[in-house]
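Novice: Given chain H, work out where chain G should sit, using these hints.
The chain contents come next:
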Amino acid sequence: MSQRIVIDPVTRIEGHGKITIYLNEMGEVEDAQFHVTQFRGFEKFVEGRPFHEMPALMARICGICPVSHLVASAKACDELMAVTIPRVAKDLRRVMNMAQIAQSHALSFFYLTAPDLLLGMDGDPAQRNLFGMAQVNPALARDGVSLRQTGQQIIELLGGKRIHPAWIVPGGVSEPLTEEKRDKILTMIPPAIEATERALDWFKEIVVHFEREINFFANFATLYMGTVMDGNFALYDGDLRIVDADGNRIADGLDPLKYDEYIAEAVEPHSFLKSPYYKPLGYPDGIYRVGPLARLHVADRFDTPKADAEFRVFRKEHRQSSFHYHYARLIEMLYCFEKIEIILNKPDILSKHVRAFAEPNSYRGVGVSEAPRGTLMHDYEIDDNGLITRANLIIATGHNNLAMNRGVLQMARHFVKGTQIQEGMLNRVEAVIRAFDPCLSCSTHAYGQMPLAVQVVAADGAVVDQVVRG
Amino acid sequence: MRRVFTLKIDDRDVSGNEEQSVLDVARENNIFVPTLCHVDGLTAIGACRLCLVEVQGVAKLLPACTTMVREGMVIHTTSPRLAEYRKMIVEMLFTEGNHICSVCVTNGHCELQSLAVKLGVDHIRLPYLNPIREVDASHERYAFDFNRCILCTRCVRVCEEYEGAQTWGVMGRGIESEIISDLDQPWGDSKTCTSCGKCVQVCPTGALFLKGKSVTEMVKHREFLPYLATMRKVGKNGHG
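Residue numbers (the working numbering), protein chains in the order written: chain H, 1455 to 1924; chain G, 3 to 242.
In isolation and in its complexed conformation, chain H is listed as follows:
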C-alpha cells in the first residue's frame, strides 16, 4: 500500500506552501511535490489602470520586498515612456534596491535559516527560531536584527517609510537625496559591513557540520540565470546570462526585455505557481535556478573589493547544492553595503535632476531587475491613453519552482523513510525550500489563507501521516 506525507504549512518561509511526499508499497519515497496554494490575481486587476500607478500598485504584491517590485515596475514604465532616466535617479534607485536586498537577505539568513544552522536540523522545534537562537548565540541574533534594521532604515530615509515607499516612480525618483540623509546612511555602512563579515566567518565555521545535508540539498545540475554588466555581478541593469552547472556559457548578452523569446511558463495542476523553463531545452529539461547562487555562478567578478575576494573563495569549489544559497546570500549582502557606500560617495549624487517626464510613447514596456530571490520581470502593455491592457509578471521564486520541486524530492528520498514521520526529517525537507528563500505570496500574485503542511500518501491515495503547522 503506498502512502502520502503532507507537510502543511512549510514554516519559516515567506507565504504559504505545502509539501506532499508520496510513498510506494515498500514505504520508500516515490515522488514529492511542493505546492503553492494561494492565488492572487494582480495581473488581472491592474487591467484598466493608468500606468503611472503601476509601481506603487505592484509594490503591494509584497511587504518583504516591495522595493524590488517598485524597481522592476518603474523600469517597465520607463520603457512605456521611452525615456532614459537621469543617471543619478538610476543610482538612487540602485541604492534603495540594494538596501532592500540586504534587509531581505538578513531576514532569510538570520531569522529563517540560522536557527537550523545553529541549533541543528533535529533541534527542538520550539527553540528553533530567532528567540531560541538569541539564547544560544546572542551576538549572532543581534547582528541579524541590526543588519535587517540597517537595510530598512536606508529605505525609510530614502522613501519616507520602510514598507511600500512610493519614492521610485516612472521616469526616476520623486525626490532628490539630501546631504543630511546621505551622510546618515554613510555612517550606517561600516558597522553593517563588519556584521556581515562576522556572519560569513560564523557560517564557514559551522558549514562543515552539514556535509550530509549539502549532498542532498537540491544538489543537482541545473542551468543558472542572472544579470551581468560587462561580466560584473549586477543587480539593477545589464544583460542576462545563462550558464550550465559547470560554468559553461549557454547564452550570453540576452536582452532582458525580450525574455519571452527564451523563457516560457508551464502550468502544473498541483500548484498556483507557474514553472518557467529555458525554451531551447524544453520542459522540464530547461530547469534553471536564479537568485544568489545563480548570480554568483554567472558573474565573472564583483566590482567591490571585499565581495570580490569572497566571491573568489566561493568559486574555488564546485557548489551546485542549493545549500550554498546561504553563502551566496551573505556575499551579496557584503556587496550591497560596499556598493551603496561607493554610490553615495559619487560627487553628483545630490543632484536635483532625478526625474524624466514623458507621455506614453510605446505600447509595451518590460522591466527586469534582480530581486533578493532572483530575476524579476514585469511586462506591461497599454492602450493609446496609457491604461494597462495586459500585464505579465515572472517573479524570482517562480523561476526556481522546478528546482524546488526536484530539491524536495531529493531530500525526501534520502531522509524520509517509512511511514513514521520524524520531525527532523521533515524539517530537512522544509529547509531545502528555505534555502531558496521563496516568497510565495509574491510569486503567485494570495487569496485566502494557507499555512505550510507535509503529507505522506500511500499508493492507494490514503493519507498515512500529516503534519500541519501554522
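Simulated from the structure, these hints should not be mistaken for lab results.
Everything numeric in this text was worked out from a predicted model, so none of it was measured.
Each hint can be trusted.
For each label pair, taking beta carbons as the anchor points, the in silico distance ranges come out as:
id, chain 1, residue 1, chain 2, residue 2, range
1, G, V119, H, L1804, 29 to 37 angstroms
2, H, N1846, G, G237, 56 to 64 angstroms
3, G, C198, H, K1638, 40 to 48 angstroms
4, H, K1615, G, S116, 13 to 21 angstroms
5, G, L128, H, G1495, 23 to 31 angstroms
6, H, K1498, G, G59, 50 to 58 angstroms
7, G, R83, H, P1579, 49 to 57 angstroms
8, G, M94, H, Q1589, 48 to 56 angstroms
9, G, L128, H, D1576, 50 to 58 angstroms
10, H, P1579, G, N132, 35 to 43 angstroms
Just so it is clear, CB atoms sit at the ideal spot from N, CA and C, and this is done for glycine as well.
Specialist: Relative to chain H, chain G alone:
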C-alpha cells in the same frame, strides 16, 4: 443694509447676517462642521448631508450649508445621533465606489480620507458594492477615475459657474448616477472642455487628477477659487 440676526450654535451666542448660512456662521466662529460637497466659492447644494445639524423646534436634521440663519435659532452641530449619521454617510461613500487609498494618487491629500480619519471611521459596517467602473484617460492632460468619484458635483458646478463651459453633467438617477462629459462621450472628445483644469483642482478625491501623477503625488490647489469668488462678487456689486 443686511439684517443681522443673533442665534446660538452649540450654546454659544453668535451673530450672522441674512445672506449667511449656518455653515458660514459656524466657520466664522471656529465651530467645526464636516463638509464634502461644499467648497467655498461654489453654490451650496446640500448634497452630501455631512453638514447636517440639529435645529431646535425642527424635527428634521438640516444641512448647515443651505440653511440660512434666522433670529433666535438654536443649533447643535454635535450629538451622538449626528456623529453616527456622519460616520454612516462616509462608510456608505466608501462602499459605493472603489476607494483603495494605498494605491491612490491623492493618498494623504484626500478630503474623503481625512474626513474618515477625523470622524473615526475605522470599520465599514456595510458590504462593499465593488462596482465595475472604468477610467477615462482620453483627455490629453487629465484623467477621470470614476471608481473614486463620490458625486459631490464640485466639478459640475465649477465648470458651469466659473469656466462657463458646462462640460460636466450628471446622468442617471440614485445609485446609477454618474458624472459625464458633454453628451456622455469620452472627455478627450469633448468640444466644450477648455482644459482649464478647475474641475481637477476642486475634486475632493482622486477621481480627477493630472496625468503622470504617481501614487500620493496629486495635491490639489484651490487657492484660485476664493479669489475668483471675490472678483465675481465685486463685479456683481458694480464696483469692478
